[in-house]
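One line per chain: the protein sequences are U, F, Z and A, in this order. Number 901 in this note's numbering belongs to position 42 of the first sequence; there are no gaps in the numbering. Number 893 in this note's numbering belongs to position 34 of the second sequence; there are no gaps in the numbering. Number 308 in this note's numbering belongs to position 298 of the third sequence; there are no gaps in the numbering. Number 141 in this note's numbering belongs to position 131 of the fourth sequence; there are no gaps in the numbering.
It should be emphasised that the hints constitute simulated quantities derived from the structure, not laboratory data. Keep in mind it's a predicted model, so treat the numbers as computed, not measured. Each residue gets a CB set at the ideal place from its N, CA and C atoms; glycine is no exception. Incorrect hints may have been included.
To be verified - To give a feel for the contact side, a few chain A residues facing chain F, derived at Cβ under 10 Å: (1) A38; (2) D39; (3) V43; (4) V67; (5) G70; (6) G82; (7) P90; (8) V109; (9) Q115; (10) A259.
To be verified - Only pairs whose alpha carbons sit at most 25 Å apart, straight line, appear in this in silico DMTMM-like list of lysine to aspartate or glutamate: (11) U:K1025 / U:D1104; (12) U:K1121 / F:E1084; (13) F:K1121 / F:D1088; (14) U:K1025 / F:D1079; (15) U:K1164 / U:D1104; (16) F:K1147 / Z:D208.
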Amino acid sequence: MTVEEDLVPQVDPDAVPSDTLTVLGRVPEGATREEAVAHLAEAARLVRRRDLQMVRAAGLGHIGGEFSVIDVLVTLYLHAMNVTPERLDDPDRDRFILSKGHAAAALYTTLAMAGFLPQDQLRTFMQPLSMLNGHPARTKIAAVEASTGPLGHGLPIAVGTAFAGKLDGSPRRTFVVTGDGELQEGSNWEALMTAGNHGLDHLCVVIDRNRLQQGARVEDTNDLEPLADKLRAFGMEVVEVSGHDHGALLDVFAAVPARSGKPTAVIANTMKGHPISFMSDNVAWHHKVPSADQVDQALAELEAK
Amino acid sequence: MTVEEDLVPQVDPDAVPSDTLTVLGRVPEGATREEAVAHLAEAARLVRRRDLQMVRAAGLGHIGGEFSVIDVLVTLYLHAMNVTPERLDDPDRDRFILSKGHAAAALYTTLAMAGFLPQDQLRTFMQPLSMLNGHPARTKIAAVEASTGPLGHGLPIAVGTAFAGKLDGSPRRTFVVTGDGELQEGSNWEALMTAGNHGLDHLCVVIDRNRLQQGARVEDTNDLEPLADKLRAFGMEVVEVSGHDHGALLDVFAAVPARSGKPTAVIANTMKGHPISFMSDNVAWHHKVPSADQVDQALAELEAK
Amino acid sequence: MSTTTAPAQVLHDCRDAWVATLIELAEADPRIVAVVNDSVGSSKLGPFQDRFGQRLVNVGIAEQDMVGVGAGLANGGKVPFVSAAACFLTARAMEQVKVDAAYSQHHMVLVGQSPGMAYGELGPTHHSIEDLAWLRVIPGLTVIAPCDPIETAQALRWAAAHHGPVFIRVARMGVPDVNAADYEFVPGKAVLLRPGSDVTLAATGTAVHRALDAAALLAAEGIDARVLSVPTISPLDTEAFVAAARETAGIVTAEEALTSGLGGAVAEALATRHPAPMRFIGATTFAPTGSVGWLMEHFGITGTGIAAAAKDLLGR
Amino acid sequence: MSTTTAPAQVLHDCRDAWVATLIELAEADPRIVAVVNDSVGSSKLGPFQDRFGQRLVNVGIAEQDMVGVGAGLANGGKVPFVSAAACFLTARAMEQVKVDAAYSQHHMVLVGQSPGMAYGELGPTHHSIEDLAWLRVIPGLTVIAPCDPIETAQALRWAAAHHGPVFIRVARMGVPDVNAADYEFVPGKAVLLRPGSDVTLAATGTAVHRALDAAALLAAEGIDARVLSVPTISPLDTEAFVAAARETAGIVTAEEALTSGLGGAVAEALATRHPAPMRFIGATTFAPTGSVGWLMEHFGITGTGIAAAAKDLLGR
Ligand SMILES: Cc1ncc(C[n+]2csc(CCOP(=O)(O)OP(=O)(O)O)c2C)c(N)n1
Ligand SMILES: Cc1ncc(C[n+]2csc(CCOP(=O)(O)OP(=O)(O)O)c2C)c(N)n1
Ligand SMILES: [Mg+2]
Ligand SMILES: [Mg+2]
């Protein structure tokens, strides 16, 4: 009945880079909006830098979809959500589920930035027996609320989490991030219908609208437009925002529930690979691994920010 | 590798009623609209009568959803579709798929009315080794295009059939009937998205909108409204019609494709158990089996029509 | 139903024990909720709904959502009993069962209603003959097929307290009381219903009382059959089977399922520990049209069918 | 990849043989189409798309729709090759595989890409260790796991002409050429790669060349191992296994899958015909994090691991 033989991670230090992450932690209480945005911007820059190194070291990752979602993750964990490492057992903590689990490296790095993981554990990413699997596993990491990887699982789970909160009259909010190509999965529409009809207004579905999926543009594969109309017809309160604008994001998340009795769907307009010049909006970077030179150029571009 | 041990049906004549079906066949060529409507009305009355007897004899069936969809089936097979028993191998024949496979008895009776099945075979419905299973099986009956029963399968299959027609430049049309509760299945929304984006305008999705599902009203289970908005947002050309008005139905079906480049979605407003007074719009009759007295009363009501 | 079931026996629909037990558990533990797919009636959950209202989550006809929502309810501190026709719960939501329940190790109970061929004439699309073979191989998932109302109730109580995912079949086809009133279900353990030294009849779920019928028929012919009731398919009680292989001529398995369910599990367990002659009684193809009783006869999942297999194994 | 694979061997990604063969078949038969779930790249179908455009149907990330659309294309006169990562094709669309392909007996080919643990570090959600155990029990579905490029091409050609549903694994983890250039795939037949009288090593897919490595290691220790390559898991070549059980001390099965796949199929087949000692090599749990090569070592699906199991069986 064991799910997995339980063994201790053995990491080959030579196999992984010594690069470390400067842990900024949450936006300080009482920070002005301006200070908060600056804090988030710097945190996002550091998270991208570390993510890049991790993917380079592992020789695996989904850097395009990681860079498109990092600003959302950082804003949620360092500002919007009420969860801290100390509150992980608090039933009223806000919940986060990364439905697009292939962006695991971005989640792990953000969790480390927020203090949920020791930053030096990031060096074990994808190494034998590491807790940092290519897709997040709740049995491996306490801060991971749901195991994801197959697309179209996280949203139904988030609906259940939100439903439990409603039954308990808990103030907690449940945030879930899906990809846009991921919305081709019918399981998401089943979940949206359920959430809408049950008025789960403490649920916030963030769609990483980078307009690219694995092999091509979403519109050239199986188009989602008119996406806002679809979401509204399924009972969502729809908000559009730039997914790379920390100020706009924190305002949107702070406003959840945006409308009493309705779940919020945030269409976060993003770019895959943002802000790296040669990766941005380029489908080739869905899961391409950068060369040493490309890492250097990308790091230089990040420094320049 | 046998799917099913192949054996010959053995029917106990005493177990089934001797009631027969008067086979009217297709609406004659050159019939006026008035004559066509009269032909369809009488055929639907006879089909309902035989369906009632079959369910009574088998002690099983889904009479509510059978009576709600019979007018649509009869209009398709006796008038709208270009398929006849002789044309079953014609690649350009129109295709029909009953996605709500639990209404099998209605399909079998309609197929017999249209000459696709010997009417006396209806006596084997649900009997041991019968080809007339509780859900339609393409391996058992030549005229059945797809095996259905689990909800949410027929529409994706119909999309594939329509796609094949488009690839071949065939004039054939593909009609599929789903239940309304059935649209809670995400597989349907996957299929609608695909059909809409590929402009499958020779596909016609008929929704038997009887507003009831197995256990309750659709709106009290997981509501579909605003249904037309959902369908439009997924790329359908939406038409609403009374699903019991043969004239209105034949006009709608004759007009398919309703709009070049778009699949047609017909919301057929119906009543479960129609037109039987004590069954109509009554959720109890989803799969209830009528008593002898109830059969007599229902037959009397059908005679009166 | 089976020609070999003594007419005197009262047959039970285990769904009655299921709903009574769930209500009992839900009264004691506010965390318990039910999740269904428009299956309130087919799960006989009407009384639960009347009593607990909100605590019955009906997602409509959407099995993937149903299991995912169940996992989320577990994440939110609830103990979900996800109840649907076994065929749809397992086949339609297989990836959710694998990932959201088993791999995630959520405390959730997957309740497969009307399993096997209970839906008779409704055909193979509504039969769940595959569930035991499919689910027993999923790591970390406990798979249980109770044989009567008492065992159904006990298995549900155990699952409510077990911190991991469990799949339980709830039989619809009539079964007599097999276990005594003081019976206690032990997960992973087979139950010796009848000692015997010639041959072993191992059955699960609705086939257990049929194995007892077979033992009676064999006794009349001077064959002393051991009868093992096997409520837990995974993890299997390997020791009980190694002992049976050692102490009797061989093992006949019987189940209202494909023979790769219990039969396959036993064959695999014995192949590495103590290979023994076996015969498999169960479904071997998709079923033709017929009532569940007729289909049980068709596949020989009856006292006479099991007895015949035992005699064939013994070369008698 | 495996320490026991001679470094000299050139290893192939069978997806290359897959796409080359599909293009060859599609040129000869206009009915052939490919159906994918945003898996053009992962299925290496780029060249097919460039060549046949419209005949590649990409439904996006929607596996249920993908298999249903495949069945519909078959109804519409096409011969669909439905190609997706094996884990999603099987788990996510299991009911469509059961009903739309197998029960419906459509002429369609389900192509499971990068099966087993090919996705290594991406974890159990992306591994398809369950597919052989799950699909081999579905009535009417042929299940094939080729061991090299030649067998992959031959199995695809056979399936294109077979009027029924077929599931074929296309291995991504490197494999050497195992079969000769003039090899001819025969459905349902095992291939004797090495005669032997002491013990039988039976393997499928990516484990076949590892079984040959094991035989070499055993030969060095004076153990004469028979090696059976088993491309078809269902229907199984029972006669070949009955002969192996009769003529050798026992059977070790090896597969890049849960041991209930080929291992379970053989155990079930022998239990009724000729029980024999077995050892199972394959996955036994969800995998921890690690590369596919590392995981094959972890589970002992290697020449040394298979050889060790054979010696254990022989009590050496
Ligand atoms: C059920 C399922 N099918 C296929 C895949 C393979 N896959 C991984 S990422 C991806 C593309 C996802 O695109 P999108 O949702 O837009 O994510 P993003 O662009 O943010 O990376 C696909 C098809 C999967 N993980 N799960
Ligand atoms: C996947 C699946 N889940 C559940 C069922 C059980 N079931 C049979 S009919 C039915 C209700 C269908 O309601 P609707 O689609 O509205 O059909 P209608 O009202 O026309 O009978 C249900 C839940 C099924 N057949 N398939
Ligand atoms: Mg995207
Ligand atoms: Mg309805």
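Okay, the hints, checked on the actual structure:
no.	hint	verdict
1	A38	violated (17 Å)
2	D39	violated (14 Å)
3	V43	holds (7 Å)
4	V67	holds (6 Å)
5	G70	holds (7 Å)
6	G82	holds (2 Å)
7	P90	holds (8 Å)
8	V109	holds (6 Å)
9	Q115	holds (5 Å)
10	A259	violated (31 Å)
11	U:K1025 / U:D1104	violated (30 Å)
12	U:K1121 / F:E1084	holds (15 Å)
13	F:K1121 / F:D1088	holds (15 Å)
14	U:K1025 / F:D1079	holds (18 Å)
15	U:K1164 / U:D1104	holds (14 Å)
16	F:K1147 / Z:D208	violated (48 Å)
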